[in-house]
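Student: Now for the letters of each chain:
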Amino acid sequence: MENWSLFSLCVLLGLTSRWAVSFHSYSGAGKPPMFGDYEAQRHWQEVTYNLPVHEWYFNTTNNDLNYWGLDYPPLTAYHSLVCAYVAKLLNPEWVELHASRGYESHSHKLFMRATVLFTDILIYIPAVLLYCFYFCDGSSKQKVATALCILLYPGLILIDYGHFQYNSVSLGLALWGILGLGLGWDLFGSLAFTLALNYKQMELYHSLPFFCYLLGKCIKQGLTGRGFFQLAKISLTVLVTFALCWMPFLSDPKQPLQVLHRLFPFGRGLFEDKVANTWCSLNVLIKIKTLLSRETQLFLSFALTLLFILPSSLKLLSKPNLWQFKLALVNSSLAFFLFSFQVHEKSILLAALLMFFLFVFFHSMLPLLVKDGLLLPYVVTSLAFLFLSLYLLSHLTRTNEPLFWYFPFHFWFSLVAMAVLSFTSVWLEPPAKFPDLFPVLVSILSFLHFLGFIIYFNLVQLMEPQRKKSQKKTN
Amino acid sequence: MAAPMTNDQSWFYALALGVSFLKCLLINAYHSTDFEVHRNWLALTHSLPAAQWYYEATSEWTLDYPPLFAWFEYGLSHIASFFDKEMLVVQNLNYASPATILFQRLSVIVADVVFFYAVKECCKCLREDKGKYLLGKPSFILTVLLLWNFGLIIVDHIHFQYNGFLFGVLLLSIARHFQNRHFEGALLFSILLNLKHIYLYIAPAYGIYLLRCFCFTQSNADGSLQWRSFSVVRLVTLGTIVLSTFSVSFGPFIALGQLPQVLSRLFPFKRGLCHAYWAPNIWALYNIADKAFSILGVKFKLLDINKLPKASMTGGLVQEFQHSVLPSVSPLATLVCTVLSILPALFRIWHRPNGARGFLRCLVICALGSFMFGWHVHEKAILMAILPLSLLAVESREDARIFLILSITGHYSLFPLLFTTQELPIKILLLLLFTIFSLTSLKTLFRKGGALLNPLEATYLLGLIPLELICEFVYPLTVWQKTFPFLPLMLTSVYCALGVTYAFIRLYISLLTCSDSTKKIKTQ
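So the sequences go chain by chain: A and B. Quick note: the first sequence uses the UniProt record's numbering, first residue 1, plus one each step. Quick note: the second sequence uses the UniProt record's numbering, first residue 1, plus one each step.
For the record, the hints were derived by calculation from the structure and aren't laboratory data. Each hint should be verified, as a subset may be incorrect.
[What the hints assert, rightly or not] Computed spacing ranges between beta-carbons, pair by pair: (1) A:Val82 with B:Ser97: 37 to 47 Å; (2) B:Ser32 with A:Gly138: 57 to 67 Å; (3) A:Trp4 with B:Asn180: 25 to 35 Å; (4) A:Trp4 with B:Phe300: 31 to 41 Å; (5) A:Val86 with B:Thr33: 27 to 37 Å.
A virtual CB, placed ideally from N, CA and C, is assigned to each residue, including glycine.
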């Protein structure tokens with residue numbers, strides 16, 4: 001069968017599972033007064049449509065920042081504005097100022113889900129296809145299999161189409177950035193990544209590798225000659241993109257500051273909810289949240305993040321090739337996730353973008369998904385994804401050994417542990433003394449995995465073990 | 001490079017598991033009144049003694065399947081009591097708690113295991129299974145065409161029915177005939193008839209085939225009948241099998257003297273010529289012609305508008321209607337037409353049987369013939385022709401061609417079943433998935449010998465795209481949506497009826513002109 005038909009079948013399967021997941025509940029469904037992320041996105045459409053630009057990020061009588069105030073960069077706001085225009089055409093009640101708070105209806109849900117699908121098809125899916133086509137080693141069958149696995153990754157599907165968010169936009173743009181760099185189109189890559197950054201500030205997790213890679217590449221080309229011009233062009237692209245995105249906010253110096261204040265809420269404390277990062281896990285043993293002052297917390301998280309990100313970035317700076325770049329992306333996002341301030345579960349999606357064993361990350365989102373009533377899609381998609389990726393992996397590695405021996409025992413142990421934990425989280429009642437037992441256990445288990453991953457991937461990147469001849473050559 | 005021997009069949013399980021996962025994701029999708037129908041049957045078989053099953057009428061959805069299916073529901077109802085006891089109360093009309101939905105959906109998904117087994121058996125019956133790589137093997141293609149059949153997924157797991165389970169029994173029966181295990185095949189078919197009597201449509205094919213190829217143990221060298229080789233033993237055994245199955249199923253009700261009541265429930269001829277959504281059969285074309293003539297007649301003052309019956313034939317309800325210009329059609333007329341349409345095929349396999357494949361072809365023609373000319377046919381019945389045809393499609397070029405036309409048009413004609421906005425992307429995506437796969441895989445399988453579809457056929461199929469755009473997107477935004485709400489349905493039926501008729505004619509031609517290959521007829 002021709003390639004185009006296989007790829008289109010993958011896309012169709014990916015789209016079908018996305019839309020099928022969207023039938024289920026969303027975050028905060030039927031839970032006044034605050035509802036959830038779904039209501040937040042609807043509210044941003046309401047705010048951006050009805051209020052002038054200079055009021056979007058400020059606390060005014062018309063804009064109560066305590067009720068899901070905008071806390072993403074301007075590009076999200078513009079996206080919400082465009083959606084709001086469409087919403088207004090379909091049913092003005094959806095974006096009525098104040099009156100539409102907590103609006104929930106079947107047709108509105110369809111509209112919101114459709115907006116996610118639209119941006120997914122526009123941005124994320126083409127990026128995935130191009131990535132698999134150009135940057136995957138192996139036969140065309142392996143490329144198709146990779147595309148299928150990526151498109152069926154449950155984490156992104158459930159967060160975007162279940163819980164409700166637009167991660168596919170920012171991840172898709174970041175992926176376009178990676179594609180650009182991979183194809184040697186540095187300017188296009190920088191442009192795409194800057195746009196991703198202006199969509200969600202979480203992309204900062206990936207920014208250091210981008211920076212180090214480009215800088216390293218320019219240094220290699222000679223800082224006095226071509227390299228300097230290249231650097232200048234890249235910097236100009238980035239600055240102009242930033243300027244264009246932030247243009248409405250540049251008229252008044254208070255504006256950008258307020259936006260930044262909203263984007264980086266250092267007032268909120270080291271963490272919220274039960275996240276699989278260091279602070280949350282550490283908190284189980286030592287109550288650091290109350291023990292240390294906020295300034296110390298900030299400093300500590302900053303220092304540790306930097307510490308963990310430095311080796312990987314320096315290595316990339318010295319050896320700017322694509323393989324290093326990919327590993328650095330993983331390490332950088334893991335470092336940020338594990339150690340930085342105010343991390344949410346969904347941030348792990350950024351690390352997941354390029355990793356192969358994504359299952360752990362997905363599992364760490366279990367408590368959130370159960371809260372949203374997405375247990376059934378969680379079970380189905382994770383089982384399907386696990387089975388599919390293992391099946392394809394075993395087939396395409398052409399090994400004659402049974403699948404069981406191919407993976408080290410701790411892989412299976414982790415899987416069993418995660419399965420058991422999923423089961424107990426849902427079916428058993430936690431003891432009265434520790435009502436949050438299961439979410440915390442999930443977080444700790446995932447954290448230990450992530451810690452293991454970050455050490456492993458750092459070692460891989462820094463030591464560069466003997467790579468097989470079939471792998472891609474340095475560019 | 002061939003896959004390692006240990007992985008030889010693993011792709012089958014991968015496909016089966018994959019489609020099961022997809023079905024699980026569709027648990028929350030729209031379900032039609034058929035969901036309530038089956039819930040009601042669970043309730044009445046659980047709460048009432050068997051003597052009252054065919055009399056119970058609290059709900060409008062009375063039991064209209066044969067007794068074996070009622071026993072099947074009875075068995076399910078015991079498992080249902082673990083999920084939600086409230087669904088088993090007959091008075092709880094339209095009860096649809098999350099546990100109820102979960103149970104019913106899961107029961108369909110689990111019952112599909114029968115279908116999986118049947119597909120596996122069918123793959124074993126293929127003549128040759130060579131292929132350069134997995135995706136080009138006929139058994140792989142057949143598995144996908146059956147397991148991932150668009151119509152089956154849509155009708156069973158969204159609309160809600162148990163067709164997967166039933167078609168599993170049918171395909172298993174066919175596979176057994178291919179494997180020369182005729183007694184099992186006959187037994188399975190009798191069981192099938194007692195599960196859902198719509199399969200009576202294809203009973204003639206079974207009857208003639210078994211009589212000709214099984215009861216007459218040998219044929220002459222030129223393929224004609226050898227009267228002396230008649231085996232009474234085989235005939236009697238077959239008869240016993242069939243009769244005992246029927247007696248197990250209907251026996252209790254005959255003993256209670258309820259047979260007339262049961263039959264009246266099973267064959268409700270009060271319903272109209274066309275089902276609510278106009279299956280794309282001959283009568284759809286007939287109705288359109290009648291409408292056209294009546295409009296033209298009024299326009300040219302040949303008819304008196306007051307004498308015409310009210311134009312409500314195109315509403316969405318199930319009622320009896322009269323035609324205005326052309327003669328009205330009665331159930332008897334449709335029966336005669338159906339019988340006439342399948343008679344040539346039956347004669348053909350009597351005179352020149354082509355083994356099991358000839359039988360299968362005749363079966364498909366019977367199914368399609370009764371779809372085309374039957375009384376109160378539902379569009380879902382097209383699946384009875386499409387699914388068995390898949391077996392032939394992976395073996396012969398001409399059949400692949402007919403299959404493509406029939407399956408794409410037949411599947412498209414199922415669209416009106418899912419009319420909700422939420423299911424719109426799903427039905428389009430799944431149809432595209434199935435269509436692209438069937439087109440490309442069959443094209444690759446038969447790439448020697450030019451294009452599979454000629455330009456006219458390709459244009460017709462492509463014409464479905466603008467049809468869908470008009471009916472689903474453009475028309476609802478026009479003024480006519482209020483005055484003629486039935487028009488998209490009518491257009492869909494008529495357009496698809498053309499494709500189905502064309503496939504029927506081609507199938508007949510292929511049956512009547514197929515080379516006898518007398519050397520291949522084995523004596524049994």
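Student: Next, verify each hint and record whether it holds.
Tutor: Now for the hints, and whether the structure bears them out:
no. : hint                              : result
1   : A:Val82 with B:Ser97: 37 to 47 Å  : holds, 40 Å
2   : B:Ser32 with A:Gly138: 57 to 67 Å : violated, 45 Å
3   : A:Trp4 with B:Asn180: 25 to 35 Å  : violated, 42 Å
4   : A:Trp4 with B:Phe300: 31 to 41 Å  : violated, 53 Å
5   : A:Val86 with B:Thr33: 27 to 37 Å  : holds, 34 Å
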